[in-house]
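2 protein chains.
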Amino acid sequence: MSDALFLAVDLDTGQTKPLFQQLYEAISQHIRAGRIGAGTRLPASRAYAAEIGVSRATVLAAYDQLIAEGYAVSRQGAGVFASDIGTVAAGWIAPKTVRPVPVPDRSGPRPFHPGVPDMRAFPHRLWAQYVGRVARSETGGWMQGAEPFGDPVLCGAIADHLRDWRGVDVSPEQVVITAGAGDAMELILQTVAPDGAPVALENPGYPVLVQACKTLGNPRHWLAVDDAGACLPDHPVAVSVITPSCQFPRGMTMPVARRQAHLAGAGWIVEDDYDSEFRYSGTPVPALMALDRAQKVIYLGSFSKVFSSGLRLGYLVFPDRLLDRVHAVLRARGSRASVMPQRVLGRFMEDGAFHRHVRKMRRLYRGRRQVFLDGLAARFGAGLRYRDYGAGMSVVLEFAQRVDEPGLRSRMQGAGLSCPMLSDYYFDGGAQQGMLCGFCAFDEAEINDGLGRLETVLMPFLDLTTAKA
Amino acid sequence: MSDALFLAVDLDTGQTKPLFQQLYEAISQHIRAGRIGAGTRLPASRAYAAEIGVSRATVLAAYDQLIAEGYAVSRQGAGVFASDIGTVAAGWIAPKTVRPVPVPDRSGPRPFHPGVPDMRAFPHRLWAQYVGRVARSETGGWMQGAEPFGDPVLCGAIADHLRDWRGVDVSPEQVVITAGAGDAMELILQTVAPDGAPVALENPGYPVLVQACKTLGNPRHWLAVDDAGACLPDHPVAVSVITPSCQFPRGMTMPVARRQAHLAGAGWIVEDDYDSEFRYSGTPVPALMALDRAQKVIYLGSFSKVFSSGLRLGYLVFPDRLLDRVHAVLRARGSRASVMPQRVLGRFMEDGAFHRHVRKMRRLYRGRRQVFLDGLAARFGAGLRYRDYGAGMSVVLEFAQRVDEPGLRSRMQGAGLSCPMLSDYYFDGGAQQGMLCGFCAFDEAEINDGLGRLETVLMPFLDLTTAKA
Numbered sequence: 001m002s003d004a005l006f007l008a009v010d011l012d013t014g015q016t017k018p019l020f021q022q023l024y025e026a027i028s029q030h031i032r033a034g035r036i037g038a039g040t041r042l043p044a045s046r047a048y049a050a051e052i053g054v055s056r057a058t059v060l061a062a063y064d065q066l067i068a069e070g071y072a073v074s075r076q077g078a079g080v081f082a083s084d085i086g087t088v089a090a091g092w093i094a095p096k097t098v099r100p101v102p103v104p105d106r107s108g109p110r111p112f113h114p115g116v117p118d119m120r121a122f123p124h125r126l127w128a129q130y131v132g133r134v135a136r137s138e139t140g141g142w143m144q145g146a147e148p149f150g151d152p153v154l155c156g157a158i159a160d161h162l163r164d165w166r167g168v169d170v171s172p173e174q175v176v177i178t179a180g181a182g183d184a185m186e187l188i189l190q191t192v193a194p195d196g197a198p199v200a201l202e203n204p205g206y207p208v209l210v211q212a213c214k215t216l217g218n219p220r221h222w223l224a225v226d227d228a229g230a231c232l233p234d235h236p237v238a239v240s241v242i243t244p245s246c247q248f249p250r251g252m253t254m255p256v257a258r259r260q261a262h263l264a265g266a267g268w269i270v271e272d273d274y275d276s277e278f279r280y281s282g283t284p285v286p287a288l289m290a291l292d293r294a295q296k297v298i299y300l301g302s303f304s305k306v307f308s309s310g311l312r313l314g315y316l317v318f319p320d321r322l323l324d325r326v327h328a329v330l331r332a333r334g335s336r337a338s339v340m341p342q343r344v345l346g347r348f349m350e351d352g353a354f355h356r357h358v359r360k361m362r363r364l365y366r367g368r369r370q371v372f373l374d375g376l377a378a379r380f381g382a383g384l385r386y387r388d389y390g391a392g393m394s395v396v397l398e399f400a401q402r403v404d405e406p407g408l409r410s411r412m413q414g415a416g417l418s419c420p421m422l423s424d425y426y427f428d429g430g431a432q433q434g435m436l437c438g439f440c441a442f443d444e445a446e447i448n449d450g451l452g453r454l455e456t457v458l459m460p461f462l463d464l465t466t467a468k469a
Numbered sequence: 001m002s003d004a005l006f007l008a009v010d011l012d013t014g015q016t017k018p019l020f021q022q023l024y025e026a027i028s029q030h031i032r033a034g035r036i037g038a039g040t041r042l043p044a045s046r047a048y049a050a051e052i053g054v055s056r057a058t059v060l061a062a063y064d065q066l067i068a069e070g071y072a073v074s075r076q077g078a079g080v081f082a083s084d085i086g087t088v089a090a091g092w093i094a095p096k097t098v099r100p101v102p103v104p105d106r107s108g109p110r111p112f113h114p115g116v117p118d119m120r121a122f123p124h125r126l127w128a129q130y131v132g133r134v135a136r137s138e139t140g141g142w143m144q145g146a147e148p149f150g151d152p153v154l155c156g157a158i159a160d161h162l163r164d165w166r167g168v169d170v171s172p173e174q175v176v177i178t179a180g181a182g183d184a185m186e187l188i189l190q191t192v193a194p195d196g197a198p199v200a201l202e203n204p205g206y207p208v209l210v211q212a213c214k215t216l217g218n219p220r221h222w223l224a225v226d227d228a229g230a231c232l233p234d235h236p237v238a239v240s241v242i243t244p245s246c247q248f249p250r251g252m253t254m255p256v257a258r259r260q261a262h263l264a265g266a267g268w269i270v271e272d273d274y275d276s277e278f279r280y281s282g283t284p285v286p287a288l289m290a291l292d293r294a295q296k297v298i299y300l301g302s303f304s305k306v307f308s309s310g311l312r313l314g315y316l317v318f319p320d321r322l323l324d325r326v327h328a329v330l331r332a333r334g335s336r337a338s339v340m341p342q343r344v345l346g347r348f349m350e351d352g353a354f355h356r357h358v359r360k361m362r363r364l365y366r367g368r369r370q371v372f373l374d375g376l377a378a379r380f381g382a383g384l385r386y387r388d389y390g391a392g393m394s395v396v397l398e399f400a401q402r403v404d405e406p407g408l409r410s411r412m413q414g415a416g417l418s419c420p421m422l423s424d425y426y427f428d429g430g431a432q433q434g435m436l437c438g439f440c441a442f443d444e445a446e447i448n449d450g451l452g453r454l455e456t457v458l459m460p461f462l463d464l465t466t467a468k469a
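Read top to bottom, the protein sequences are chains A and B.
In this text, residue positions in the first sequence follow the numbering used here: the first is 1, and each later residue adds one.
In this text, residue positions in the second sequence follow the numbering used here: the first is 1, and each later residue adds one.
Copies of the same chain look alike in the list, so a pair counts if it works inside one copy or between any two.
Computed cross-link-like contacts, DSBU-like style, restricted to lysine-lysine with a CA-CA straight-line distance of at most 35 Å:
1) Lys17 x Lys305
2) Lys305 x Lys214
3) Lys305 x Lys360
4) Lys17 x Lys360
The set of hints was computed from the structure by calculation and includes no laboratory data.
One chain only, chain A, in its complex shape:
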């Protein structure tokens, strides 16, 4: 017992931290700092315990922990010795940045943020009842990762939904549940375009899908968009990703002739059917998959736009001939969709509550769309153009002339408006001028107020360009 360091350990019986832990921390700190050198013999436990006034068991527990972590080694019959732990890693200790805790934005989207449902009209109480009921009746299954392809009840409800609403006859086994569109796109690429096979994507299009191709390293080709939607690929590609029901972001529905032309191509087709439930006249246009006789269409469905983005659930429907392949991929990578919300949504759909909600939202959005378009016509003249496709959750406003986009963006932000520019959805620089306005998440008063602000912000830009021209 020569080393004063060992005797100077400062143990405090008043702490909730156990004494052995305090002792272990004190000694390991000395070893890390080099104050107790490699090879130093630690005091014999019995004598040490007596000297510092703790039980021998406390000292032995501290030594065991030091040995477990490699700070010390025990040599049979000779005692316990400090290890050579190497030098402390070179480097700098950054001053701990004090970051303000981000306050989550509970105020809802600002006008005219596109693609978000109005969660104020969500049936929160009914949903809570379903959540509670499922939670009480489950005895373990929903906390276990039992079904790698998705909850069977949910898959069955989705198959029914697709038959009734989208005109596609699929069986529940063709359905795979995903953690949203990005996860779904990665799963598709791993299944039909591994090893960097080229992929064609719409331009303009949905950035999340482009990002997935980028992440997985698949070369990207662009599909131009004309009045009939996505054009055919001009390169041989393994997969084309298209939005036939409602082109994102422009909004047109692909006519059947163009659909047939895509189906006659060589590659796989991903049909991204993100908000086709919202068609405001007639019935929803059947899915492209309904015309697919060659089993080449993979259907990508989402709940983020028609139901809730917080669930982070989406789904894929694979043709029968791809099922073995996708199952192998899923077994290797694991599913990323939480089982818990799947169970609840499956029961919610099965009972018809989902469809009642979607129908209610469609009525609500139809009215809001009319308010938005009427207000637009009343406030803006020939400076703005838009096309009415009678579907979707947003409208593209085209500027008749070139507009200073950075200036417009900053003025819009200042006015509390949130409309992305059309150029945000172009991936090759050659964007048309315009912006995307969503009308779904705002009531009549909010729409009219937002349009007033939009007029104030936008008019000088339109006038200016007109004057210049």
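Dock chain B against chain A, hints included.
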């Protein structure tokens, strides 16, 4: 009204399907089949309605739908004409395979399946109460994708957990919630190893992490595993992925000298700390991140093993200097973690219920481990070797001699046993012989019964190889 086809449409007022829908379907079918050719004028609506006995509005609605989908075009003043929709895509219609609906396996894992918690000991009623309470008190937030980096309450609870259990001082803002380990690994690679930077992974190691590198196209180097855990990389790599607390699958804890050596290297370090809560003597070894003075460790945590795999939730802790980068990546790809289970788990942790459960499971597993090891010693002699590291959820049994693995696998499956071979976790072929046995998900009777079956299956293999040698 010359064309008999139009007059022969078969409308049924007894159906729930609206008449306009029936009419639209009949005509579109004729157009698709080529029976109504491109350019054919559709009958004038008023006369047609009278002939087939429906209202004119019905005919107009059907025509609108045909026009919306591109089956027909309207020419001002001239009428409505069938479009040229191209030829039907060449291809084959596969006979619809009748797949049996897979019956989800509710029987629980078979002995000695590793890495799964015993969900029979899960506090289902208490969890259901939390689920119900959170569902009732939420008025929208949890159905909205408001927090891309994770629920703030859950992030705070995780920071507290890491301080109390893992000796790491982090702030809630450093925590990012993920949809499990595969998702987490992809997020890490996109943040610190984009553009195919090389990654070092333990061999043997965890296949899900290897798969993520493969998916993203990062070249892989192998870290050999010796008695001190993962060795240092022998190539320059951007990232090393290691399991210092409990090497997977071998089980040893990395001593502090090896930890310092890893920290002194050039690249980023991913500390995969998947089940460190389960240490059966002393206190958990502090995380490697606790020694990290250079802000180079990214901590990867999981709930799948200590709590529930069905939640599909995990988390990452990034050093401060990486936060801006990881936030940018998350904004581009979107979060994949469902908000709903995050909210519940956050409250469950905050109230201490999570730690009570983990402590209870640790006691339970400690006892089961002893039963397993005692039974092993009683039944097997020198034919089997294992090392006792006093931690984790499984034990590696090493065969003293070469064993016919395919034969052993099939016999084990026949006996209702589920033990992966050590070779399943080696990625370069050079595997040691042995198998991985989990002891957590089985009670005493199941362990003893399983060991009896294991003895019956394994003995002939061990004897045979002994006889051959």
